[in-house]
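Student: Spelled out, the chains give:
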Amino acid sequence: MIFITGPLYSGKRTFARTLPGRCITDAQQLAAGCKDNAELEKLADKLSAYDIVLSTEVGGGVVPIDPAERAARENAGRLACMLAARAKCVVQMFCGIPTVLKGELPEC
Amino acid sequence: MLTLVLGGAASGKSEYAEALVLRSALPRYYLATMQVWDAECAARVEKHRKMRAAKQFETLECPLHLETVHLPRRGTALLEDLGNLTANELYDPAGAGDAAAEHILQGLESLAAQCENLIVVSNEVFSGGADYAGDTDRYLLALARVNNALAARADAVVRVVCGIPVYYKGVEK
Numbered sequence: 001m002i003f004i005t006g007p008l009y010s011g012k013r014t015f016a017r018t019l020p021g022r023c024i025t026d027a028q029q030l031a032a033g034c035k036d037n038a039e040l041e042k043l044a045d046k047l048s049a050y051d052i053v054l055s056t057e058v059g060g061g062v063v064p065i066d067p068a069e070r071a072a073r074e075n076a077g078r079l080a081c082m083l084a085a086r087a088k089c090v091v092q093m094f095c096g097i098p099t100v101l102k103g104e105l106p107e108c
Numbered sequence: 001m002l003t004l005v006l007g008g009a010a011s012g013k014s015e016y017a018e019a020l021v022l023r024s025a026l027p028r029y030y031l032a033t034m035q036v037w038d039a040e041c042a043a044r045v046e047k048h049r050k051m052r053a054a055k056q057f058e059t060l061e062c063p064l065h066l067e068t069v070h071l072p073r074r075g076t077a078l079l080e081d082l083g084n085l086t087a088n089e090l091y092d093p094a095g096a097g098d099a100a101a102e103h104i105l106q107g108l109e110s111l112a113a114q115c116e117n118l119i120v121v122s123n124e125v126f127s128g129g130a131d132y133a134g135d136t137d138r139y140l141l142a143l144a145r146v147n148n149a150l151a152a153r154a155d156a157v158v159r160v161v162c163g164i165p166v167y168y169k170g171v172e173k
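Chains as they are written, first to last, in full-length UniProt numbering: chain A, 1 to 108; chain B, 1 to 173.
Check each hint, because a few of them may be wrong.
[To be verified] From the structure, some residues in chain B lie toward chain A, with a derived Cβ separation under 10 Å: (1) 11; (2) 12; (3) 125; (4) 136; (5) 162; (6) 163; (7) 166.
[Stated by the list, open to error] Straight line, CA to CA, 25 Å or less: simulated DSS-like cross-link-like pairs of lysine-lysine: (8) B/55 with B/173; (9) A/102 with A/42; (10) B/50 with A/35; (11) A/42 with B/47; (12) A/102 with B/169; (13) A/42 with B/50; (14) A/88 with A/46; (15) A/102 with A/88; (16) A/102 with A/46; (17) A/88 with B/173; (18) A/102 with B/173; (19) A/35 with A/46; (20) A/42 with A/88; (21) A/35 with B/47.
[Stated by the list, open to error] Label pairs and their calculated CB-CB ranges: (22) B/36 with A/41: 23 to 31 Å; (23) B/92 with A/69: 19 to 27 Å; (24) A/46 with B/141: 41 to 49 Å; (25) B/36 with A/36: 16 to 24 Å; (26) B/61 with A/19: 43 to 51 Å; (27) B/53 with A/9: 36 to 44 Å; (28) A/64 with B/169: 49 to 57 Å; (29) B/131 with A/21: 35 to 43 Å; (30) A/14 with B/102: 40 to 48 Å; (31) B/168 with A/69: 22 to 30 Å.
Hints in this document: simulated from the structure, not taken from any laboratory. Glycine included, each C-beta is placed from N, C-alpha and C at the ideal position.
Next up, chain A with everything else stripped away, as it sits in the complex:
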C-alpha cells in the first residue's frame, strides 16, 4: 500500500491518479468515526487492503476549542501514523510536489 498525505488541495488525488491500483480518499474522515485505538487499528488494517490510501493532514492548525473537533484531529493523526507504519511507501504532497518519506514509488 502507498500512503499519500499532505495538506488540503496539495495535489494528493492528482498524484494518486498517476499510480496504478485501487485508491481510497479522505481516510481522515473515516477516522473521525472511531471511538478508540482498537477501532483505529481495525480501520487501518481494512484500508491497507487498498493499493493507495489518501489522508488530508488536519493536525497542523490551532488546537480547536470544541472537544469533538479535537478528538477528530487526534484520530486522524493516529490513523495516519498507523497507515504510514503499514505502508511500503509514504508520500507527502506539498503544492503538487511529492516527497517520498518512506520506501520507494513503483516505476510507472
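Mind docking chain B on chain A? Use the hints.
Tutor: Chain B alone, transformed into the frame defined by chain A:
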C-alpha cells in the same frame, strides 16, 4: 546536543522524542509542562505516563518558570512541550505574560547547560490559516519565536510526519 522535535497533533512526535531519549545517557529526566484542568488533560497525562513507564524517566513538573529548574545530575532531559509552556507563561497570572518567549528561551539555555542531551518537543500549529486575532495570534507569535530561535540554536531539528522523522537540520543520532 540539543534536538528540537516538532509535529502536528497526533503526529507521533512524543513517541519519536522518547525513542531518541532511550538511546541517550542516563539519568533521564522528563520535564512535564501540562497543567491538569479537566478529565481530557488527565487522560493525556496518563497516556504519556504509560508510554514512559519502565523507561527509567524521572518526572519533574515545570508548567512555569523553566529558568528555575535544576537537574540533580547531568544526563538527558526531555521537555514536553513548548506549546503548553508558552500558553502557561502567556495566560497564567503567575507567568511571564508578554515576555513569555524570552523567558522560555532563557529557561531552555539554562537547561541545555545542565545536561548532555536536551530534547525539546514542540508543536506545529501554524498551518490552520492566518486569520487569527487577539490572544490566539499572540500565542502563535510567541510560540513561533520560541520555535524559530530554538531551531536556529539546535544541533538537530526534526519534524515528525505520521510517525516518520524528517530531518531539516542535522542527522539522526
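Student: Now look at each hint and say whether the structure bears it out.
Tutor: Comparing the hints with the structure gives:
Because the smallest distance between the Cβ of residue 11 of chain B and any Cβ of chain A comes to about 6 Å, under 10 Å, the interface hint for this residue holds. Because the smallest distance between the Cβ of residue 12 of chain B and any Cβ of chain A comes to about 5 Å, under 10 Å, the interface hint for this residue holds. Interface restraint check for residue 125 of chain B: the shortest CB-CB distance to chain A comes to about 5 Å, inside 10 Å, so the restraint holds. Against a cut-off of 10 Å between C-beta atoms, the interface hint on residue 136 of chain B holds, since the closest Cβ of chain A lies about 6 Å away.
Residue-level restraint check for residue 162 of chain B holds (minimum Cβ-Cβ distance to chain A is 4 Å; threshold 10 Å). Because the beta carbon of residue 163 of chain B sits about 4 Å from the nearest beta carbon in chain A, less than 10 Å, this interface hint is met. Interface hint at residue 166 of chain B: satisfied, since its Cβ lies 6 Å from the closest Cβ of chain A, which is below the 10 Å cut-off. At most 25 Å may separate the alpha-carbon atoms for a hinted pair to count; residue 55 of chain B and residue 173 of chain B meet this at roughly 19 Å.
Between the alpha carbons of residue 102 of chain A and residue 42 of chain A the distance comes to roughly 22 Å, so the proposed pair stays at or under 25 Å and holds. Pair hint residue 50 of chain B plus residue 35 of chain A holds up; C-alpha atoms about 20 Å apart against a cutoff of 25 Å. Simply put, residue 42 of chain A and residue 47 of chain B have alpha-carbon atoms about 20 Å apart, close enough for the 25 Å limit, and the pair holds. Straight-line distance between C-alpha atoms of residue 102 of chain A and residue 169 of chain B comes to about 18 Å, which keeps the hinted pair within the 25 Å bound.
Restraint check: the Cα-Cα separation between residue 42 of chain A and residue 50 of chain B comes to about 22 Å, which is no more than 25 Å; the hinted pair holds. With a CA separation close to 15 Å, the supplied pair residue 88 of chain A and residue 46 of chain A stays within the 25 Å bound. Between residue 102 of chain A and residue 88 of chain A the alpha-carbon distance is near 7 Å, which keeps this suggested pair within the 25 Å criterion. Restraint check: the Cα-Cα separation between residue 102 of chain A and residue 46 of chain A comes to about 21 Å, which is no more than 25 Å; the hinted pair holds.
At roughly 24 Å between alpha-carbon atoms, residue 88 of chain A and residue 173 of chain B fall within 25 Å of each other, so this suggested pair holds. The hinted pair formed by residue 102 of chain A and residue 173 of chain B meets the criterion: a straight-line CA distance of about 18 Å does not exceed 25 Å. Straight-line distance between C-alpha atoms of residue 35 of chain A and residue 46 of chain A comes to about 16 Å, which keeps the hinted pair within the 25 Å bound. Under the criterion of a C-alpha separation no larger than 25 Å, the hint pairing residue 42 of chain A with residue 88 of chain A is consistent with the structure, at around 18 Å.
Distance hint between residue 35 of chain A and residue 47 of chain B is fulfilled; the C-alpha atoms sit about 16 Å from each other, no more than 25 Å. Checked against the hint of 23 to 31 Å, the C-beta distance between residue 36 of chain B and residue 41 of chain A comes to roughly 28 Å, which is consistent with it. With their beta carbons about 24 Å apart, residue 92 of chain B and residue 69 of chain A fall inside the hinted range of 19 to 27 Å. For the pair residue 46 of chain A and residue 141 of chain B, the supplied restraint of 41 to 49 Å holds, since their beta-carbon distance comes to about 42 Å.
For the hinted restraint 16 to 24 Å between residue 36 of chain B and residue 36 of chain A, the CB-CB distance of approximately 22 Å keeps it satisfied. Distance hint for residue 61 of chain B and residue 19 of chain A: a CB-CB separation of about 48 Å, consistent with the stated range 43 to 51 Å. For residue 53 of chain B paired with residue 9 of chain A, a C-beta distance near 41 Å keeps the hint of 36 to 44 Å intact. One distance hint, 49 to 57 Å for the beta-carbon pair residue 64 of chain A and residue 169 of chain B, is violated here, with the actual separation near 30 Å.
Between residue 131 of chain B and residue 21 of chain A the CB atoms are about 39 Å apart, so this pair conforms to the stated range of 35 to 43 Å. One distance hint, 40 to 48 Å for the beta-carbon pair residue 14 of chain A and residue 102 of chain B, holds here, with the actual separation near 44 Å. A hinted range of 22 to 30 Å holds for the C-beta pair residue 168 of chain B and residue 69 of chain A, which are about 29 Å apart.
Hint 28 from the earlier list is the only one contradicted by this structure; the remaining hints agree with it.
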